[in-house]
Amino acid sequence: MENFSHLDRQLADAGRRQRMISKLSLVGGQTIRKTCWRICSKVFAPS
47 MENFSHLDRQ
57 LADAGRRQRM
67 ISKLSLVGGQ
77 TIRKTCWRIC
87 SKVFAPS
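FYI, the numbering for the sequence shown is 47 to 93, going by my numbering.
Hints listed in this document are in silico derivations from the structure and should not be mistaken for laboratory results.
Computed beta-carbon distance windows for the label pairs:
#, residue 1, residue 2, range
1, Arg55, Lys88, 14 to 20 Å
2, Thr77, Arg55, 31 to 37 Å
3, Gln64, Cys86, 19 to 25 Å
4, Ser51, Thr77, 30 to 36 Å
5, Glu48, Ile78, 28 to 34 Å
6, Gly61, Cys86, 20 to 26 Å
7, Pro92, Ala60, 24 to 30 Å
8, Thr77, Glu48, 28 to 34 Å
9, Arg63, Arg84, 16 to 22 Å
10, Ser51, Cys86, 14 to 20 Å
No experiment lies behind these values; they were computed from the predicted model shown. For every residue, glycine included, the Cβ atom is placed at its ideal position computed from N, Cα and C.
I would like the entire structure built from these sequences, with the hints used as guidance.
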């Protein structure tokens with residue numbers, strides 16, 4: 047839950063939010079389901 051709060055604080059910065067949107071807009075897939083899985087794997091990757 048703490049990670050979501052941290053992400054929310056980071057996305058409050060317009061520049062950082064725009065960079066994330068730009069990066070995720072390059073992710074694609076053959077179906078909406080595959081696209082969603084790819085985006086989630088990038089956003090919620092274990093680190």
